[in-house]
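S.K.: Line by line, the protein sequences give chains A and B. Each residue of the first sequence is one higher than the one before, counting from 0 in numbering that gives the first Met the number 0. Each residue of the second sequence is one higher than the one before, counting from 0 in numbering that gives the first Met the number 0.
Source of the hints: derived by calculation from the structure; they are not laboratory data. The beta-carbon is built from N, C-alpha and C at its ideal position, and this holds for glycine as well. Check each hint, because a few of them may be wrong.
[As the list claims (entries may be wrong)] In silico SDA-like cross-links for lysine to any residue, where the CA-CA straight-line distance does not exceed 20 Å:
#1 K131/B with N183/A
#2 K72/A with P241/A
#3 K131/B with R188/A
[Stated by the list, open to error] Restraint-style ranges between C-beta atoms, simulated for each label pair:
#4 D156/B with D263/A: 35 to 45 Å
#5 T8/B with V41/A: 36 to 46 Å
#6 L178/A with A125/B: 25 to 35 Å
#7 D244/A with Q113/B: 26 to 36 Å
#8 R21/B with A36/A: 25 to 35 Å
#9 A36/A with G68/B: 32 to 42 Å
#10 D149/B with P187/A: 31 to 41 Å
#11 T34/A with G88/B: 54 to 64 Å
[As the list claims (entries may be wrong)] From the structure, some residues in chain B lie toward chain A, with a derived Cβ separation under 8 Å:
#12 T4
#13 V9
#14 R77
#15 R132
Listed here are the chains, written in short residue letters.
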Amino acid sequence: MTGSASAQADTPEDSATATTYAARDHARAQESAATVADRSWVPADTFPDTTDHPEGQRLVWAETVAGGGYAHKVLAPGAVVELTDLEGESCAQLALFWAGRPWERLCVADTVKVQWNAYLGAGALLLSDQGRALASLDLDESGRHDTFCGAATAEQNRERFGDGEPWSATPAARELLKLAAAKNDLAPRDLPPTVSLFKGVKADPDGRLRWTGGAGAGARVRIRAEAPLLVMLANTPHPLDPREDYTVSSLRVLAWKDRPTAPDDPLWESTPEIRRALSNTAEFLGAAA
Amino acid sequence: MSAETVSETVVPARAPWSGLVRAGQFLSIVDLGGNQAVDFLLYDAADTDLRYSAQNTVAAAGALFLTTGSVLRDVEHRPMATVTADDCGRHDTIGGACSKESNTLRYGHQAWGQHACVENFLHEGARWGLGKRDLTGNVNWFMNVPVEDDGCLGIVDGLSAPGLQVTMRAERDLIALISNCPQINNPCNAFDPTPVKAVVTAADRATEGGGRA
Ligand SMILES: [Zn+2]
Chain A
0 MTGSASAQAD
10 TPEDSATATT
20 YAARDHARAQ
30 ESAATVADRS
40 WVPADTFPDT
50 TDHPEGQRLV
60 WAETVAGGGY
70 AHKVLAPGAV
80 VELTDLEGES
90 CAQLALFWAG
100 RPWERLCVAD
110 TVKVQWNAYL
120 GAGALLLSDQ
130 GRALASLDLD
140 ESGRHDTFCG
150 AATAEQNRER
160 FGDGEPWSAT
170 PAARELLKLA
180 AAKNDLAPRD
190 LPPTVSLFKG
200 VKADPDGRLR
210 WTGGAGAGAR
220 VRIRAEAPLL
230 VMLANTPHPL
240 DPREDYTVSS
250 LRVLAWKDRP
260 TAPDDPLWES
270 TPEIRRALSN
280 TAEFLGAAA
Chain B
0 MSAETVSETV
10 VPARAPWSGL
20 VRAGQFLSIV
30 DLGGNQAVDF
40 LLYDAADTDL
50 RYSAQNTVAA
60 AGALFLTTGS
70 VLRDVEHRPM
80 ATVTADDCGR
90 HDTIGGACSK
100 ESNTLRYGHQ
110 AWGQHACVEN
120 FLHEGARWGL
130 GKRDLTGNVN
140 WFMNVPVEDD
150 GCLGIVDGLS
160 APGLQVTMRA
170 ERDLIALISN
180 CPQINNPCNA
190 FDPTPVKAVV
200 TAADRATEGG
210 GRA
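Okay, chain B solo, but in the shape it has when bound (with noise of 0.2 Å):
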């Protein structure tokens, strides 16, 4: 990468993501390995308090999916980031993160075993002094969530592919949370989770790092 790479962070499958990206930074997620769901929540970095909110942000663009121009919003409404380039086209707004407890329900109690994004944000989330009340409903870049005309939603096989990222624009200084989802009962990983990669580029250079879109 340029010298305006601020980091560049492979994510290992299954494991958990968090950095700071500053006010005009650019953060990329690319989906190394194709159709690897990424669980994601922002926090203001001057005020924890003030968390992405799916519900605002889907209200406020009246749609489901995000892609390129979608603004990324807080539980009061504010922009905290910019979607600027999109390879994969839709991405979820409404699905949450995977957890032991709600596996228990989706499959049975032997899935309680498995590893689960609530498990990666809640032992990341510590090292912001992020608990439990801090979780809220999450984005998962490249999962695929349709919702039938009767309501029936579900993840289905992913839009993505190995190498599409997507990418956003801090619009004020946030911690970041990435949970590389390590689900393996549905589709959301391929049912194999492989590794991402995280980067933070400076202001002026990331915009030509979000592919075709």
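Excised from the complex, chain A in its bound form (with noise of 0.2 Å):
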């Protein structure tokens, strides 16, 4: 122990966390004070600020994820999770999995052949690997997401910024995403392929791709569960980004109950792809429930 800590030991009276009872004070005087930004508000409805979601809609998720960090929730059918790029430079990698039969996930494959299209944007779904809807993209301020490259590993970070493990200052996604599949019981080898939200790649004619970056501080993107959902989400820099600096800022989270995409909402008809994809859903939720 170094001098001061012993000089400490001798005079408790000075220490807050001396006793039992100035430990337990200690700690419960720490959340009316704090200020951190990055955070979750439980009860939801308690977030703060109440303007940037439908009026009269409960919220059942509030979240502010810092850059680096991860968030994961179980969501009804129905369930709407909004995405905001606060500074413009969060980026989300996402897995998705039906919630209580996680051997069913997100297929990016499947999502982008079945639909005909790579990029993704207001009006995609988000397909499984067993021929059903997810979930669906309600709303796209972004235009800037990814399919193709998935989430950062923690080689690839070690090589770009000399570490790459959770407890570094700059964790991958793919780490990250382990630590949230490990606190739903699952295994490295349960993570499918990831999307990328709010940063963008593109592929020229000949296959090569082409990083176009973000579109900007506030962009949404909006997710509807058409599924019961398990969400899993980490805030980390794209593996394309060119920046030498672990560059990703603040991700928030909010997450309201609606209902899932009916036969009469113009998405259910938008192409064949798409009705069949919901219809496959609706079907499998009927029986079973």
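Reconstruct the complex from the two isolated chains, following the hints.
M.R.: Next comes the structure, spelled out in structure tokens:
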């Protein structure tokens, strides 16, 4: 021990945490004194800014995920998740699972192939590997997303930034998603290919990829759960982000109760593939209900 | 084939194949009939959690298509195999495997009864203890999937021809899983699934197996 520490130990009355009672008071005083912006609000309707989600919708998730952080939540069918790139430098690596049946999960290959489009936008579905819609994109103010490159790994972050471990200053998306998976009793082999939101990539005719960056501060994406959904996301730099620094800013997550897409909604009949994917989901939920 | 051939298997149309490819050995896939998509996955034989990652492969290369020099990477970004020769020039990384389930989306529920690559992967993977949770986005050798400027992508007529082949070198001991694609609703097999050949050769032999690349 250092001299000052042992001196402190000799004068417990000067320490705020020298006794169990003092330590308890010290712990309990922290919440009201906190000024941390990157945090969750529980209950979600204690989230201070009520202007940003539709009136009358009850919030079920309110969280601001720091750059280098992650979040996960189980949502009922119909819940709408709104992600906001608050300062323009967030990048959400998104993994989706059918809650309670996690072997059915986001299939990026089917998502782009079935819908004949590699670039996600409003009106696109996020498909499972079982021919069902897991979620739909209701709103897209960014237009900069990526289905090609997935989550950066610890190995890649070591090469780019010197470290990629979760406890480092430069965590890799895959390491964070492994932790989110573990908390849902899932293993690395359960992690599917992911999609990146708020940072885009385009392919040229020869298949070479070009990083297109983000759309600026304040862009929002809304994702509607079409099935019971386990959502995992990591907020980390995109693998093709050319900047030398680990550049990522806070991501706000709000979710509220709503209803799944129904046959009389315009999305249902927008394409034959979307109609059949939504029908497959509704059929499954109906048979199991 | 020469004495250096470790194994040589004709994979019937619509059927799976799997095999062990040791570090330094070469695996060649020969498109016997032409324009036959070969769905393909790799697993580290010592730790099957380490499996092919299409996204890491694409991100590291900054390119969607595979050809000579392409490095197939695992989920932790490490090299699994390197393409050493390629007659075709372009292979797909983003289209994934056909399934009975996705066929219902792509073509309608009348297509449910057709055989599909995911059935092959599940059947063949079970021999190695691999199950549903172990499937992921795969390579499609000989399959042509262009991406337009607006993002429109799709499986179009192939660039391959009878006898063309692709060869890769294993960077460690690998389990290779093949589905000789049975799809008949799009041009990935020229609407006519045909046999392919899988050839494993010893280390110093197979570089000449890749043809004109
Ligand atoms: Zn197939």
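S.K.: Next, verify each hint and record whether it holds.
M.R.: Status of each hint after checking the structure:
no.: 1; hint: K131/B with N183/A; result: 18 Å, holds
no.: 2; hint: K72/A with P241/A; result: 31 Å, violated
no.: 3; hint: K131/B with R188/A; result: 10 Å, holds
no.: 4; hint: D156/B with D263/A: 35 to 45 Å; result: 39 Å, holds
no.: 5; hint: T8/B with V41/A: 36 to 46 Å; result: 58 Å, violated
no.: 6; hint: L178/A with A125/B: 25 to 35 Å; result: 30 Å, holds
no.: 7; hint: D244/A with Q113/B: 26 to 36 Å; result: 51 Å, violated
no.: 8; hint: R21/B with A36/A: 25 to 35 Å; result: 54 Å, violated
no.: 9; hint: A36/A with G68/B: 32 to 42 Å; result: 46 Å, violated
no.: 10; hint: D149/B with P187/A: 31 to 41 Å; result: 35 Å, holds
no.: 11; hint: T34/A with G88/B: 54 to 64 Å; result: 58 Å, holds
no.: 12; hint: T4; result: 33 Å, violated
no.: 13; hint: V9; result: 28 Å, violated
no.: 14; hint: R77; result: 6 Å, holds
no.: 15; hint: R132; result: 5 Å, holds
Of the numbered hints given earlier, the model fails hints 2, 5, 7, 8, 9, 12, 13; all others are met.
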